Amino acid sequence: MRVWWRRYAALVRSAWLVDLQYPAAIAIWMVWNVTEPAIALGIWWSIAGSGTVQGYARDDFVRYFFAVTLINQLTLAWDAWYIDRWVREGELNFRLTRPISPVHEAVSDNIAYKLRTGGAALVLWIAVACFWPAARLAWDPGRWALAALAAVLAAGIRFFNGYATGLLAFWTTRVSALMELQFGISLFLSGRIAPLSFLPPAVVSVAGVLWFPYMLAFPVEILTGAVHTTADYWHGFAGQVAWLVAWWLLYVLVWHRGLKRYGAVGG
Amino acid sequence: MTPAVVAEHLDKVYRVKVRDPGLGGALRALVHPRYEEVRAVADVSFEVGRGEIVAFLGPNGAGKTTTLKMLAGLLYPTAGRASVAGFTPWTGGAAFKRRIALVLGNKQQLLWDLPPEETFQLNQAIYNIPLPLYRQRHDELVELLGLGPLLDKPVRQLSLGERMKCELTAALLHGPEILFLDEPTLGLDVIAQESIRGFLETYRGRFGATVLLTSHYMADVTALASRVLIINRGRLLYDGALHALVARLSPTKRIEVVLGDSVTRDRLAAFGEVQSFQFPNATLDVPREEATVASARLLAALPVLDLSIQDPPIEEVIRTAFEDAS
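So the sequences go chain by chain: V and C.
Just so we're aligned, residue 11 is where the first sequence starts under our numbering, counting upward by one.
Just so we're aligned, residue 134 is where the second sequence starts under our numbering, counting upward by one.
Hints are supplied without guarantee of correctness; some may be wrong.
[As the list claims (entries may be wrong)] Straight-line Cα separation of at most 25 Å, DMTMM-like style, residue types lysine to aspartate or glutamate; simulated pairs:
id : chain 1 : residue 1 : chain 2 : residue 2
1  : C       : K240      : V       : E115
2  : C       : K150      : C       : E180
3  : C       : K150      : V       : E99
[As the list claims (entries may be wrong)] Covered stretches of chain C, as calculated for chain V (at least 3 residues, CB under 8 Å):
id : region
4  : 230-236
5  : 259-273
6  : 327-339
7  : 415-429
In case anyone wonders, no lab produced these hints; they're calculated from the structure.
This structure is a prediction, so every number in the text was calculated from the model and none was measured.
The beta carbon of each residue, even a glycine, is placed where N, CA and C say it ideally should be.
Using the sequences and the hints given, assemble the complete structure.
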């Protein structure tokens, strides 16, 4: 176990040091990720006016989209694009000669990146909340802890979803298109542009059996207080665990099958 | 003693998608994709003893690197079996990977934006090398390769030769007993090439490592390898000592002379086949078994200032081997 701690410490440290070489790139990427919820907030703010939209007043939208920004930073996974390149350009080769699976490097990159950007988003939210009461959450550390747990599970789902999709590069050159497609669908079904309850009931039912709501909407709704009953919590966490296990199993399957097809091109 | 590497009837077949050029070809490929099978490695068998340095020779696409990658566990073969350090490479797992190192001349494992020292420390953790042992190996390799002034410079600011030295260090810190080197001197200048060759020779001598390398530079092969494996179109054409190959494929020796006084081309032709003659230099090819006698006759009959007997250039011999196989 101590060996793995040391390995992860070294991998996270390296990823952190590499990230430090590109502060501007990370800042631009963060701004991009803040822009989308900021635009959505602006639109809903305007629509809500002095009334409510499906029970959401302006202040509710503010808290919702600040939560979307934070949880999105903490769960965002871009691994599919990296894995696609590793496979197509032979960058997987030296990683395969190491005595640890390449997945550990990807996990460490995620930890390093999320500690930085998630931390920055949290600090930004706290700073804004100091001056703007609408952005303040009700004091409820128990709920925040559950939201943190849901965020970790959501990050796991998004990570293995992206990693398994990226590994399809063993078979196809269309990995980026597949990820863009998922990204587009998630705009609606994960609650990125509006709370899920705003969608037609039939769409909500479909979303409920897919992984999208569990990778963003569920932790966001815990944080903002939209999840109330014990049954809702159980349902949400059960869905998260089920999809995490499903994507992890898919990753294992695709990895083992893909390695047998690997051409190790490009050196 | 069991061999370090055993390859038995290794085969690797790739399925490659093919399509005709143009928009029509693209549409047809979409509706009715066509595939071709390419046999990159065909029934290759050989053994490598512990501590040997063996070079793979062959033109581009011959199957050298594919064979190397199968032995390093990167590729699953279509058929055949292999044993490397007692493991089946593609199922050997972490225990196998601790015993080998793979260095690719055109791909790097060094962290591009950070000084090489960061990659070395990362590998110490990944391979779980005990710290005292890590420090000892690190210092030894840094001294052998003269890396001292490079350790705190970002990798992206190092020259190609400096980067290859750091790549070798990163790959050797865990003390692998078998090294797979794919074009380790690719793109390096002559001085850097010699430096890498010198290091590999010293390393093999000091640690008894087994080395399998591919290279397009004959100087690498002649300087390092006691044995060569010639591969073309996936098939192993020759397995043996380089000098034996030269003797087999080249029935002549080359005599180079520097003359003191002018002689005619006809007089020279009496001693062998004149390849070039521009006073005072002349080059003659004579049958291998007659080289000594022909040299003695030349020295006795002509005003010779200097004389040397050589094998023909190794590149010519290898080219002959490939042409014969074709």
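Assess, step by step, whether the Cα of K150 (chain C) is no farther than 25 Å from the Cα of E99 (chain V), and give holds or violated.
Answer holds: K150 (chain C) to E99 (chain V) is near 17 Å, not above 25 Å.
Between the alpha carbons of K240 (chain C) and E115 (chain V), is the straight-line distance 25 Å or under?
Status holds; Cα separation ~18 Å.
Can the region 327-339 of chain C be counted as covered by chain V under the rule of three residues or more with Cβ-Cβ separation shorter than 8 Å?
violated (count 0)
Check, residue by residue, whether the region 230-236 of chain C contains three or more positions whose beta-carbon lies closer than 8 Å to a beta-carbon of chain V, and give the verdict.
Since 5 is at least three, the answer is holds.
CA of K150 (chain C) to CA of E180 (chain C), is that 25 Å or under?
violated (34 Å)
Test coverage of the region 259-273 of chain C by chain V using CB-CB distances below 8 Å; three residues minimum.
Coverage by chain V holds for the region 259-273 of chain C (3 residues, Cβ < 8 Å).
Take the region 415-429 of chain C, compare each residue's beta carbon with every beta carbon of chain V, and decide whether three or more fall closer than 8 Å.
violated (count 0)
In this structure, the hints that do not hold are numbers 2, 6 and 7, in rising order.
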